[in-house]
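*Asks:* Going line by line, the protein sequences match chains A and B.
Quick note: the first sequence uses the working numbering, first residue 348, plus one each step.
Quick note: the second sequence uses the working numbering, first residue 348, plus one each step.
Any given hint could be a false lead.
Repeated chains share a single entry, so a pair holds when one copy, or any two copies, can fit it.
Straight-line alpha carbon distances no greater than 16 Å define the calculated EDC-like cross-link-like pairs of lysine to aspartate or glutamate that follow [claimed, not checked]: (1) 364 x 393; (2) 514 x 469; (3) 364 x 389; (4) 514 x 356.
Simulated from the structure, these hints should not be mistaken for laboratory data.
There are 2 protein chains.
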Amino acid sequence: MAAAGPEIERLIQLLAKLPGLGPRSARRAALHLLTRRGQLLEPLSEAMRIACERVEVCSTCANVDTQNPCSICRDGRRDPSTIVVVEDVSDLWALERSAAISARYHVLGGTLSALDGRGPEDLNLGTLAERARAPEVKEVILAVNATVEGQTTAHYVTDLLTDAEVKVTRLAHGVPVGGELDYLDDGTLAAAIRSRTTF
Amino acid sequence: MAAAGPEIERLIQLLAKLPGLGPRSARRAALHLLTRRGQLLEPLSEAMRIACERVEVCSTCANVDTQNPCSICRDGRRDPSTIVVVEDVSDLWALERSAAISARYHVLGGTLSALDGRGPEDLNLGTLAERARAPEVKEVILAVNATVEGQTTAHYVTDLLTDAEVKVTRLAHGVPVGGELDYLDDGTLAAAIRSRTTF
Chain A
348 MAAAGPEIER
358 LIQLLAKLPG
368 LGPRSARRAA
378 LHLLTRRGQL
388 LEPLSEAMRI
398 ACERVEVCST
408 CANVDTQNPC
418 SICRDGRRDP
428 STIVVVEDVS
438 DLWALERSAA
448 ISARYHVLGG
458 TLSALDGRGP
468 EDLNLGTLAE
478 RARAPEVKEV
488 ILAVNATVEG
498 QTTAHYVTDL
508 LTDAEVKVTR
518 LAHGVPVGGE
528 LDYLDDGTLA
538 AAIRSRTTF
Chain B
348 MAAAGPEIER
358 LIQLLAKLPG
368 LGPRSARRAA
378 LHLLTRRGQL
388 LEPLSEAMRI
398 ACERVEVCST
408 CANVDTQNPC
418 SICRDGRRDP
428 STIVVVEDVS
438 DLWALERSAA
448 ISARYHVLGG
458 TLSALDGRGP
468 EDLNLGTLAE
478 RARAPEVKEV
488 ILAVNATVEG
498 QTTAHYVTDL
508 LTDAEVKVTR
518 LAHGVPVGGE
528 LDYLDDGTLA
538 AAIRSRTTF
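Just chain A, same shape as in the assembly (with noise of 0.2 Å):
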């Protein structure tokens, strides 16, 4: 497009590639950017800028953060006994914002799956067996999602965690809080029914 500078053409071009944002939908974003120049196109320059230099993919669990080891392994006050198994940061996000437990996390960074040709070798599981023979530690959640992929990639990690000492556990499937049993699978509901608890 002659109207824009090459500038501003590779500034959309690069914004169209986060999730959620098309070719127009970058356009519009940029053109956001460039007529609010001092109230957010220098602040997220600026944060961007600092992110650079300052993030770090921890060593320990491979959670992004500002220090490495991250605040999450750093942080004395969690329960030292479990470790959870994620497939994504963004779950690792989402299981803190829950704020449901305090413990330390293990970042995958993926899924086994056979269609996609992510094998092993393409996960974050080379420290996980020797993290969970620490002494320390008692049990292994596999908070992975409800997929096909996430149960296959599920028995994988138990598998490698055989000879450990730790115990497996897996999040309990059932009817989500707010859920209307109308609305949900047979799969879920059959769960649901197969795990109940005396109320």
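Given the coordinates of chain A, work out where chain B should sit on it, guided by the hints.
*Replies:* Just chain B now, kept in the frame of chain A:
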């Protein structure tokens, strides 16, 4: 959120201000950036830094570009007799993409709106009458949106240009190319009938 440092939180908050991204998708976008540092975060950070430094608002037409006057105002091959008045830079970009006209532009930066309290002083109207009075200018095309605010603004601009010796025109109303009559509103259909042309 304790899981990510304040630097990452700030990045998420700023990304959430982009049109098309909410708090949830901004978190997803931030994570996408942080896990693709070399391919995306660094180039985007650099593109934004360059945009911050170089992008200016054209003092003639209010287009955004990396030079002032902008590349369109400088372009000697464009028809100097026509000024296309648009609401926003996005409209200018849309017209440039269509390659429908090779003229110069005048970006108003919005519309008059009694409801939102935007008066003539909030628009880039100061230099328009002066530009239209230049001897080479013969026509001003009002390429504003076909909304109430757009049309109000069009009328105001027409009044502003009464003493300039220019022809003031507006975009044609009618059936969009590729559009189906069945899905069009009555106003568009009536306009299309009124402005029918010989086949």
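*Asks:* Return the numbers of the hints above that this structure violates; sort them in rising order.
*Replies:* The structure conflicts with hints 2 and 4, although it agrees with all the remaining ones.
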